[in-house]
Every structure is written in structure tokens, then in C-alpha cells.
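Using the sequences and the hints, build the whole thing.
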Amino acid sequence: MNLTLLKSKIHRATVTEANLYYEGSITIDKDLMDAADLLPYEQVHIFNLTNGERFITYVIEGDRGSGVICTNGAAAHCARKGDCLIIVAFLSIENEKVNTYKPKLVYVDQDNKRVDAELIDKKLVKILG
76 MNLTLLKSKI HRATVTEANL YYEGSITIDK DLMDAADLLP YEQVHIFNLT NGERFITYVI
136 EGDRGSGVIC TNGAAAHCAR KGDCLIIVAF LSIENEKVNT YKPKLVYVDQ DNKRVDAELI
196 DKKLVKILG
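Position in the sequence shown (from 1) plus 75 gives the number in the working numbering.
Just to be clear, a hint being listed does not mean it is correct.
[As the list claims (entries may be wrong)] Result set (BS3-like, lysine-lysine): computed pairs, CA atoms no more than 27 Å apart in a straight line: (1) 82 to 105; (2) 105 to 188; (3) 177 to 105; (4) 179 to 84; (5) 82 to 179; (6) 156 to 188; (7) 179 to 156; (8) 172 to 82; (9) 156 to 105.
[Stated by the list, open to error] For each label pair, taking beta carbons as the anchor points, the in silico distance ranges come out as: (10) 188 to 79: 27 to 33 Å; (11) 76 to 191: 33 to 39 Å; (12) 149 to 172: 31 to 37 Å.
Treat the hints as calculated values from the structure; they're not laboratory data. Bear in mind the structure is a predicted one, so any value in this text is a computation, not a measurement. For each residue, glycine too, the CB sits at the ideal point set by N, CA and C.
What follows is the structure, given as C-alpha cells:
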């Protein structure tokens, strides 16, 4: 039997651009794709923290180091410039491998640059205190 688990997460990415007149998808900085183990054309689920929208699309590779998070086509109606997103991908894994499996979790700042998860956790502890 297989279970569906979280494969990758980019947490709190900021939309840098929304391009309504492009074929669908989301363009993601190649550095973030690599860190999250995402591939071009891979299906991703997008959770928009700003407006509550949830949608599914696929990844297009963006320029490395650019910080780009660009919603394209119909997705541009669901996430606009400045919106805060969680981007996730899932995988199917054999039951026997579940206990040793670890997803790729990527935390970013407002410029979509990677930050240490421990810093995020400490900040949340201070906020939630």
C-alpha cells in the first residue's frame, strides 16, 4: 500500500509578478526549485495566505537567484503581486518507507531568499509566546 505525503514545501513565498496573458503555471526561482526538489512541469498545490485561494498548477523554471514567484495565466487571478503563498508538492510512497521519509521544507523571507527554519521557529515562538 502507498500513502500520499508532502514531498516539498516553499513556505511564505511572496508573489513578485502576476502575468495573466501567459499560458498557465507558476514560475519559481531555480534556486528555490532546487532547494525544494521541484522539477519543471511538476504539479504543485498553491495555498494563498493573503486571500484564502487554493489552486493546482505546474512549475516553470525561473532565473536562478532572481527570487521570482510569478503566477501565470488563470493562476494570476488566484494570486496577485505581493500575495503570500505556500507552494507544495506531494508524492506517493510505500508504507514501509514512511518512517524514514523526510520532505524538503524551504522557508523564505519577503524577498524569496532562503532563511533558516530555526529562525522562523524562534520568531513564531516570540509571536505566539
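Hints, one by one, checked against the model:
no. : hint                   : result
1   : 82 to 105              : holds (17 Å)
2   : 105 to 188             : holds (12 Å)
3   : 177 to 105             : holds (21 Å)
4   : 179 to 84              : holds (6 Å)
5   : 82 to 179              : holds (6 Å)
6   : 156 to 188             : holds (17 Å)
7   : 179 to 156             : holds (25 Å)
8   : 172 to 82              : holds (13 Å)
9   : 156 to 105             : holds (19 Å)
10  : 188 to 79: 27 to 33 Å  : holds (30 Å)
11  : 76 to 191: 33 to 39 Å  : holds (36 Å)
12  : 149 to 172: 31 to 37 Å : holds (35 Å)
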